[in-house]
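Asker: Here's the letter readout for the chains.
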Amino acid sequence: AQSVTQLDSQVPVFEEAPVELRCNYSSSVSVYLFWYVQYPNQGLQLLLKYLSGSTLVKGINGFEAEFNKSQTSFHLRKPSVHISDTAEYFCAVSESGATNKLIFGTGTLLAVQP
Amino acid sequence: KAGVTQTPRYLIKTRGQQVTLSCSPISGHRSVSWYQQTPGQGLQFLFEYFSETQRNKGNFPGRFSGRQFSNSRSEMNVSTLELGDSALYLCASSLRTNPDTQYFGPGTRLTVL
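Listed in order, the protein sequences are those of chains A and B.
First residue of the first sequence? That's 12 in the numbering used here, and the numbers climb one at a time after it.
First residue of the second sequence? That's 1350 in the numbering used here, and the numbers climb one at a time after it.
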């Protein structure tokens, strides 16, 4: 069965500092990987996705992630964060196949401080 | 292009009642998925519909059901509400099935008293 682990429930960081949000997954088949962001009282917005090809994926708002198959990881990074990046970030996985079912991690709250 | 819309945005019900939530996907999208978000269980997949057919279902009791209409709009129904059904219910739409980007609506906040 698939699973997604986000070890850090909360990551405090100062404005303009770099940040990395960790995500590890387990699956016995090929997977597709996603990062979503959720602002308070809103739905989820896609930041980036890995389907195939280059393992370094660039997304919106200056975020990027690297797929590492050997370590089953898909960590999210941003070189310089802003106050407006404060939000909950979710890593998700879906199996390659004929379904859109996403398995989500428990989320990481990115708290950017001035 | 309008995004995914969900109605109502907020709902208060009492135990034992039933509730119907509605989701209108982005125009042209044929796949609609539903998720439940709670502080304790996080985001959990409920079911997915594509062209009026349920393609996948999560591990929820039979009290949770859904359907999709020919215009791709979808509804989910929860019967005999329990306190634990209090959650944010999110709907997502996409053009086709996996792999495809899913666009989420703002959610319906259901409170069961």
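Hints are computed from structural coordinates only; laboratory data are not their basis.
Be aware that a few hints might be false.
To give an idea of the chain A side of the interface with chain B (calculated C-beta under 10 Å), a few residues [claimed, not checked]:
(1) PHE45
(2) TYR47
(3) GLN53
(4) LEU62
(5) ALA103
(6) LEU113
(7) VAL123
(8) PRO125
Below 25 Å or equal to it, Euclidean Cα-Cα: the simulated SDA-like pairs (lysine to any residue) are [unchecked claim]:
(9) A/LYS69 <-> B/LYS1362
(10) B/LYS1406 <-> A/GLU106
(11) B/LYS1350 <-> A/LEU57
(12) A/LYS60 <-> B/LYS1362
(13) B/LYS1362 <-> A/GLU106
Even for Gly, the Cβ is constructed at its ideal location relative to N, Cα and C.
Asker: It remains to establish, for every hint, whether it holds in the given structure.
Answerer: The hints, checked one at a time:
1. The restraint placing A/PHE45 at the interface with chain B holds, with a minimum CB-CB distance near 8 Å, inside the 10 Å limit.
2. Restraint check, A/TYR47 versus chain B: the minimum CB separation of about 8 Å is within 10 Å; hint holds.
3. Because the closest C-beta pair between A/GLN53 and chain B is about 6 Å apart, less than 10 Å, the hint holds.
4. Below 10 Å, beta-carbon pairs count as interface contacts, and A/LEU62 has one with chain B at about 5 Å; its hint therefore holds.
5. Because the beta carbon of A/ALA103 sits about 8 Å from the nearest beta carbon in chain B, less than 10 Å, this interface hint is met.
6. Because the closest C-beta pair between A/LEU113 and chain B is about 6 Å apart, less than 10 Å, the hint holds.
7. Contact between A/VAL123 and chain B, as hinted, is not supported at the beta carbon level, the nearest pair being about 22 Å apart and thus beyond 10 Å.
8. The restraint placing A/PRO125 at the interface with chain B is violated, with a minimum CB-CB distance near 27 Å, outside the 10 Å limit.
9. Distance restraint check for A/LYS69 and B/LYS1362: the Cα-Cα separation of roughly 43 Å exceeds the 25 Å cut-off, and the hinted pair is therefore not satisfied.
10. A distance of roughly 14 Å separates the Cα atoms of B/LYS1406 and A/GLU106; the hinted pair therefore holds under the 25 Å criterion.
11. Of the supplied pair hints, the one linking B/LYS1350 and A/LEU57 holds, its CA atoms being roughly 17 Å apart against a limit of 25 Å.
12. For the given pair, A/LYS60 sits about 37 Å from B/LYS1362 by alpha-carbon distance, which is inconsistent with the 25 Å threshold.
13. Distance hint between B/LYS1362 and A/GLU106 is unfulfilled; the C-alpha atoms sit about 36 Å from each other, more than 25 Å.
Hint compliance for this structure: hints 7, 8, 9, 12, 13 are not met, and every other hint is.
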